[in-house]
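A.B. asks: Residues per chain, in single letters:
Number of protein chains: 4
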Amino acid sequence: MAMQFLSDNAASVHPAVWRAMQAADAPDSPYDGDALSQQLDKAFSEMFGRPCAALWVATGTAANCLALAALVPPEGGVICHHTAHIENDECGAPGFYLHGAKLMLAEGEGAKLTPEAIAAVIDSIRMDVHRVHPHAVSITQATERGRVFTPSEVAALGQCAQDRKLGLHMDGARFGNAVAHLGCSPAAISCDAGVDALSFGFTKNGAMGAEAIVFFEPAVADVIRFRRKRAGHLQSKGRFLAAQILAMLENGLWLENARAANAAAQEIATAAGERLLEPVEANEIFLRLEAREAAVLREQGFGFYDWGENGARIVTAWDSRPEHCTALAQAIAAL
Amino acid sequence: MAMQFLSDNAASVHPAVWRAMQAADAPDSPYDGDALSQQLDKAFSEMFGRPCAALWVATGTAANCLALAALVPPEGGVICHHTAHIENDECGAPGFYLHGAKLMLAEGEGAKLTPEAIAAVIDSIRMDVHRVHPHAVSITQATERGRVFTPSEVAALGQCAQDRKLGLHMDGARFGNAVAHLGCSPAAISCDAGVDALSFGFTKNGAMGAEAIVFFEPAVADVIRFRRKRAGHLQSKGRFLAAQILAMLENGLWLENARAANAAAQEIATAAGERLLEPVEANEIFLRLEAREAAVLREQGFGFYDWGENGARIVTAWDSRPEHCTALAQAIAAL
Amino acid sequence: MAMQFLSDNAASVHPAVWRAMQAADAPDSPYDGDALSQQLDKAFSEMFGRPCAALWVATGTAANCLALAALVPPEGGVICHHTAHIENDECGAPGFYLHGAKLMLAEGEGAKLTPEAIAAVIDSIRMDVHRVHPHAVSITQATERGRVFTPSEVAALGQCAQDRKLGLHMDGARFGNAVAHLGCSPAAISCDAGVDALSFGFTKNGAMGAEAIVFFEPAVADVIRFRRKRAGHLQSKGRFLAAQILAMLENGLWLENARAANAAAQEIATAAGERLLEPVEANEIFLRLEAREAAVLREQGFGFYDWGENGARIVTAWDSRPEHCTALAQAIAAL
Amino acid sequence: MAMQFLSDNAASVHPAVWRAMQAADAPDSPYDGDALSQQLDKAFSEMFGRPCAALWVATGTAANCLALAALVPPEGGVICHHTAHIENDECGAPGFYLHGAKLMLAEGEGAKLTPEAIAAVIDSIRMDVHRVHPHAVSITQATERGRVFTPSEVAALGQCAQDRKLGLHMDGARFGNAVAHLGCSPAAISCDAGVDALSFGFTKNGAMGAEAIVFFEPAVADVIRFRRKRAGHLQSKGRFLAAQILAMLENGLWLENARAANAAAQEIATAAGERLLEPVEANEIFLRLEAREAAVLREQGFGFYDWGENGARIVTAWDSRPEHCTALAQAIAAL
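Chains as they are written, first to last, in my numbering: chain G, 8 to 342; chain V, 8 to 342; chain F, 8 to 342; chain E, 8 to 342.
Source of the hints: derived by calculation from the structure; they are not laboratory data. Everything hinted at is true.
One copy or any two copies: either way a pair holds, since identical chains are not told apart in the list.
With a straight-line Cα cutoff of 25 angstroms, these simulated SDA-like cross-link-like pairs (lysine to any residue) come out: (1) K49 / D135; (2) K172 / D130; (3) K49 / V136; (4) K172 / E94; (5) K49 / M134; (6) K49 / E257; (7) K172 / P225; (8) K172 / D229; (9) K172 / V227; (10) K172 / A77; (11) K172 / V230; (12) K49 / E224; (13) K172 / P80; (14) K172 / D96; (15) K49 / R232; (16) K49 / A226.
All values derive from a computational prediction rather than experimental measurement.
The task is simple: from the sequences and hints, build the whole structure.
C.D. replies: Set out below in structure tokens:
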């Protein structure tokens with residue numbers, strides 16, 4: 008049987024999530040009128056230490072796009088890294104949800120935006136109506152290269168966004184992994200650092216299909232409640248999505264799972280040593296691997312993606328089996 | 008405790024669906040690359056007796072809009088009944104998914120379209136570029152008034168659509184209830200009668216959140232696979248949606264559940280007698296009920312919606328408890 | 008040769024407009040940076056007695072849609088009369104420009120909306136996210152039935168819009184004809200009565216292809232400058248559009264031309280007498296006319312549209328030739 | 008007075024165009040039902056030696072976007088050069104008209120796309136639904152760097168597009184200048200070379216505000232007639248746009264004007280000599296010019312844009328005055 012390190016996006020569902028979903032299988036109001044959905048705002052407000060509005064959706068693409076829809080009008084643009092998920096992996100969903108708004112691509116080491124990279128994009132734009140002007144910045148935490156923005160790095164971006172009158176969105180598909188890596192509070196890399204809207208991912212981290220869109224200015228969420236319905240994302244049995252998220256929040260399961268995934272990645276990273284193309288800060292390992300070497304690993308039953316020429320991406324998940332990780336680490340060391 | 012007849016949209020999840028979902032909690036490919044998702048085309052092709060392409064989505068709104076997106080360009084229109092769900096209950100989702108295409112409203116007894124009603128809409132449209140022209144017809148089976156199109160009624164609409172070069176979409180949120188009522192094959196009121204795309208609903212009928220978009224011309228589905236992703240509806244753990252649908256199809260659970268809901272409705276309908284505003288053909292009962300009478304029922308613990316003045320809507324579900332139904336029937340009879 | 012009463016939309020261009028356009032054929036800045044375009048805000052501010060922002064576009068459809076784009080988000084709706092031009096004659100342009108926002112149709116005698124008709128639409132809408140909610144009202148002055156809203160009628164709508172927190176747009180394709188009929192100030196039926204955005208039509212009234220979108224809250228125009236460019240309506244030689252509009256404003260040419268068209272309509276209306284289906288308040292005459300009678304008129308060389316069964320629409324323009332009008336009046340009287 | 012070389016986009020209107028417009032000021036059918044508009048298909052069919060459908064619009068942005076709308080669905084993409092007008096100078100209009108379709112940027116010397124550059128874009132795209140896939144290529148003739156694709160270069164792109172099943176659009180805002188430079192037939196760099204849709208520009212070349220969208224597969228135009236109306240670009244007095252275009256076609260005025268602009272550019276280019284950053288093949292000159300030198304030229308009354316650091320763009324037009332061109336040539340030579 009394959010030892011799977013292709014992605015965390017198809018990982019199994021945590022038992023606590025299953026239990027919560029089954030407990031939710033009792034009559035209640037449809038859509039988000041049920042008791043569980045009604046608890047979300049409070050749960051996230053407590054986590055972030057300020058009033059939040061939180062909406063569930065089933066996918067990260069929907070979370071990102073609905074979050075951005077609160078910040079960007081159709082004639083505007085979103086500055087993001089050229090490797091961003093919204094640019095490369097969502098089939099143009101931002102163009103659909105934002106009615107043709109433009110993604111404006113920036114550079115940055117480790118798939119990380121910087122104030123300088125943002126400035127470089129903006130400063131190249133003539134101030135006239137012939138150009139699309141950015142209305143928001145979107146960053147990914149952890150990044151598409153498995154890197155983590157520190158609180159001060161996010162704060163610098165937050166300041167930059169504020170100075171430029173831009174909204175700041177965080178694609179937190181692996182937000183938990185970032186918090187686990189940093190050992191900081193969730194607020195320290197989001198609202199306290201100037202983030203306006205956060206896609207807080209749970210699906211990769213133990214849920215079945217549930218993400219929270221967290222708005223740190225609760226009134227902003229009102230229009231997005233309409234947009235969610237309009238996009239067909241207001242599930243009638245929404246209580247099952249709320250149940251997943253609440254289970255993930257309870258007793259810090261989200262953080263515990265993220266730590267497990269990160270630890271698994273560290274074991275493999277240590278074995279990879281000089282091969283590493285990026286510091287391993289979350290649950291993704293990018294490493295040099297020749298085609299011949301990749302073949303050797305695959306023959307031993309390890310599944311992972313090639314990444315560019317002579318490169319590979321290995322992803323651990325909350326449920327990566329320790330024996331698989333150890334085996335992979337050993338196999339890499341033995342190459 | 009309330010005896011709930013508000014809607015079937017928040018009904019509980021069938022045990023067989025739970026079992027199938029749990030069985031799906033093993034590593035597999037993400038999105039719709041898993042073994043279960045790959046079975047859908049075959050399963051529906053067998054059901055309908057011809058090659059079909061079937062895509063899962065989590066909501067009826069997404070199913071309807073993605074189905075229509077295959078039939079209607081942005082500058083076109085969709086003829087539907089003025090009470091249609093796509094017109095009244097989806098927050099303008101067709102306008103979003105179809106990029107501004109227009110819903111063109113028709114009349115019809117029992118919320119049923121007829122070739123005559125369609126002709127009346129079309130014939131009022133000048134043949135020039137100043138007018139929006141219809142590209143499709145959308146009908147609801149069972150209708151928003153709990154009525155069921157017979158095979159010959161659908162076939163007449165199918166013929167009309169073909170004559171007018173219009174696509175034909177069926178919103179089958181309660182498709183199972185219609186089949187259960189008619190005792191016909193699923194094909195008899197869909198593909199055999201000229202339907203091009205069917206939103207086959209399972210969420211109201213025992214699933215957690217899963218609907219199938221069935222295209223009877225499989226190639227049509229290709230573009231919709233992109234549109235589904237673009238709309239954020241391609242869940243990464245899609246195997247759990249496929250599992251729900253396959254469980255509903257297995258041993259005809261969808262039909263069994265629909266029959267149960269219909270039977271429950273019949274019991275209540277019989278008691279309602281002269282009060283009925285519509286023949287009860289599926290699982291919805293529309294009846295005359297004065298405010299005073301509605302209050303009496305609610306005091307006894309029955310939940311339902313008022314429907315216009317001196318009217319009420321009662322909806323049964325696959326899991327309506329027999330004792331609740333009997334109690335409601337008796338309470339109505341006793342008014 | 009035909010004596011043309013089909014529409015005012017293809018009327019000839021006034022000599023003063025030609026002169027102004029030719030005078031504009033000297034080097035200047037492109038787009039709306041030229042000296043003439045820069046005068047528009049001031050010219051309309053003087054006309055309306057308050058600060059206005061005015062943008063030229065070439066067509067009424069663009070004017071209406073860009074005006075509404077300032078008032079209505081994609082998930083919102085626009086209440087308009089079921090005969091409105093935006094509903095029937097713009098090929099769904101509002102759906103395109105407003106990204107799928109919905110037109111919500113109201114009734115009203117003489118194609119006129121009333122606060123009651125608006126209330127009837129709004130009051131039928133449940134206050135939830137499943138329904139589209141209106142964000143603006145659009146009225147046509149003069150209406151699609153050639154009727155004119157009085158200042159107090161517009162003010163009542165303005166009050167209603169304000170009470171309901173709706174924007175108010177006026178499609179003034181024949182705004183001049185309305186002012187000419189009423190003998191009031193332009194402000195009395197627009198900004199002073201609560202109108203937020205006015206499509207001020209000149210093309211039907213002596214220009215070649217130029218309309219002004221007038222915003223009575225100038226800051227609102229800023230986003231529309233981007234939307235105009237984005238829609239391909241920022242002509243590079245915009246000075247020729249500005250020239251048309253300024254020529255129409257100079258010495259009240261717009262009002263003089265509208266009066267001429269109205270007077271021509273009155274002559275014909277007087278002859279029509281009992282045949283009139285609507286009071287003639289602007290430059291359109293709706294009258295009973297049997298097919299046989301219509302044929303008689305057409306044989307004499309008069310061009311006009313049938314309007315429903317046994318009805319006809321006759322439109323005069325600023326350049327309707329007096330001898331043609333007199334001839335038509337006599338021909339109608341002689342039927 | 009300034010000697011203007013900023014752009015050809017605000018050049019004056021040719022006397023023959025004025026005459027044609029004035030001759031068109033007689034009663035005729037509205038929109039594109041008039042005799043002049045009806046001649047366009049034939050006129051372009053003769054020019055290109057095959058059946059064409061040609062639609063007028065007022066701006067290049069509208070022409071480009073409506074042409075692309077015939078080739079690219081909302082979920083698709085358009086490959087273009089990163090300096091393309093549709094990318095940089097239309098305020099995101101393609102995103103609006105194509106409902107969120109994506110522009111996919113390619114590299115190329117002289118702002119020219121090549122089959123290799125197109126292949127590089129396509130080959131980087133995984134074949135799955137997570138990525139946007141291109142449906143068309145758009146090239147600019149002459150390019151944004153004043154360069155001209157030869158017939159064989161266009162044919163190579165046409166072959167590449169056909170091999171890849173992509174549509175091919177040509178933004179011909181300066182199509183006349185390209186033909187004038189090459190001395191070839193219009194067909195040689197368009198339909199004969201695989202171009203599907205051409206934005207044939209006249210506004211920069213002597214018209215007031217008129218461009219033709221030419222479809223070499225006439226049936227394709229049908230849907231675009233609706234899209235044009237829907238975008239508010241179907242002017243009611245369309246005869247004035249048709250008149251401009253027909254006047255430009257008559258006796259090859261478009262070519263004569265383009266030759267004049269090109270010749271003016273050559274005179275300046277010769278003087279610029281070693282300063283040239285690009286070969287001058289049309290009517291744009293890109294040259295090295297230090298800030299100090301630019302200031303010297305501006306003091307002498309010459310108007311032009313800076314272009315990057317130590318660079319400038321000089322544009323000639325059909326009406327550039329010979330004495331101004333000679334003066335500029337001498338001034339540059341004297342630097």
